[in-house]
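Could you build the full structure based on these sequences and the hints that come with them?
Using this note's numbering, read the sequence shown as starting at 105 and increasing by one per residue.
It cannot be assumed that every hint is accurate.
Said to hold, decoys possible - Beta-carbon label-pair distances, calculated as ranges: (1) R460 x G319: 52 to 62 Å; (2) D143 x E260: 34 to 44 Å; (3) L135 x D271: 39 to 49 Å; (4) Q167 x T241: 41 to 51 Å; (5) D322 x I435: 51 to 61 Å; (6) A289 x S489: 31 to 41 Å; (7) E492 x I468: 17 to 27 Å; (8) G309 x D466: 19 to 29 Å; (9) I468 x T241: 26 to 36 Å; (10) G309 x D118: 46 to 56 Å.
Note that these hints are calculated values from the structure, not bench results. Please read these numbers as outputs of a predicted model, since none were measured by experiment. For each residue, glycine too, the CB sits at the ideal point set by N, CA and C.
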Amino acid sequence: MNTPPGDPGVGWLDEAASLISGNPVNVDEVLGATLAQRDGEAERHMFFPTGPAGNFGAMQRFQDVLWNNIGSAGSNPPGGNHTKSLERALLAWAARLFGLPADDWWGNATTGGTAGNRAGLLIARDRFPRTPYGMTTAVAYYSAAAHYSVPKMLHELNIPAVRIHTDAYGEMDYGHLAEQLRPGAPAIITVTAGTTMTEAVDDPGKVHAVLDAGGIEDRYVHCDGALSAIPLALDGALVTEGVDSVSLSGYKFLGTPRVGGLIVGRKAAGRRSERVSYISAIDDTPVGSIDGLPIAMMWYTVATQGEHGLRAQAHAARRLAAYAENRLNAIGWPAWRHPWSFTVVFPTPPASIQQRWPLANDTIGQSHLICMPRTSREQVDAFVSAMEAVTSLQASA
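Right, here's the structure in full:
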């Protein structure tokens, strides 16, 4: 079996874990190697926005139980093996945080940011008329810096889509949006609160101004807030006026050790729903069965940290990002960040750095590190020291 470059252990572990090779499986060895693989990368893992950020020891007793939050957030499926009360509390908190109307909002647990984007785009598609052949009459617009799930979900949902340019810092180019509008067609716009490479934030107010100038009255604006929606909203810096739905990931800023997320939106009556006798519940969800444990962990984080604690974590992470930016610039490696950002952007380092550090790179020669609440100054210092050594070698060559 071929071994991926720079990852010498994967080929061996794939062989050891194989269930079809005909060889006996040493289960303890495979599980131990899998944990060792993760532990060996943990101190160098600051290039993707993942948790965990806190102590989830109190949730240990939940680990060995099946939690199935099937059905609407407003219903309790039979059997008791759900965390629906925690889900309802979490969704209500998010709806208030994002400024949704207290008497007309909806929400669901999701499996993560991609599922949240799909749910928002599906609801958007179904709000508008269809052609006699069943195609939506709407056209979707998303920026070149949007998460890769957005064009993927637009393709899956069969929504005609237009990719919009960004400025040099990753924010949507509103002039290009104006040029690309399809006259007379309803518009579905995805804005991003924290793009994947630069943590840029699109402005819904500017989007609506473009739509107004273009005479587009029928519109739906979905916000992919997977990374930055919560910390921006905690500081009162997230624009949600005119935003119809917001999705987020629990394992990013909230730092849960399980993948999950949620979506909340306006105008609850605009969603498809049906009563399912089999589960004795209303189904208005983007999925069927869904793990209730990540939802419980998200709730636990908000309940134990409170908004004050979460805000303090965001401010500390931004201070660390500013420190990383300054340190990289001090060694002659040009770095920058948005003022609200955990993300520090810099030119892609040479291969010698990439072989050691699991960097996130784009196609235009940029890389980044992300100072999440779990990231330490020691991690930043270790990376900058490695970069400094390479810079010194280049200077002496």
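Evaluated hints:
1. Our hint of 52 to 62 Å for R460 and G319 holds, since their Cβ atoms are close to 54 Å apart.
2. At roughly 36 Å, the beta-carbon separation of D143 and E260 lies within the given 34 to 44 Å, and the hint holds.
3. Between L135 and D271, the C-beta spacing of about 47 Å keeps the proposed range 39 to 49 Å intact.
4. Taking the beta carbon of each, Q167 and T241 are about 47 Å apart, inside 41 to 51 Å as hinted.
5. Remark: the range hint 51 to 61 Å for D322 to I435 is upheld by a beta-carbon distance near 52 Å.
6. The supplied range of 31 to 41 Å is broken by A289 and S489, whose beta-carbon atoms lie about 54 Å from each other.
7. A hinted range of 17 to 27 Å for the beta carbons of E492 and I468 is consistent with their spacing of about 24 Å.
8. At about 27 Å, the CB distance of G309 to D466 agrees with the hint of 19 to 29 Å.
9. In this structure, I468 and T241 meet the distance hint of 26 to 36 Å, their C-beta atoms being roughly 35 Å apart.
10. Hint check: G309 to D118, Cβ distance near 49 Å, so the stated range 46 to 56 Å holds.
Hint compliance for this structure: hint 6 is the single one not met.
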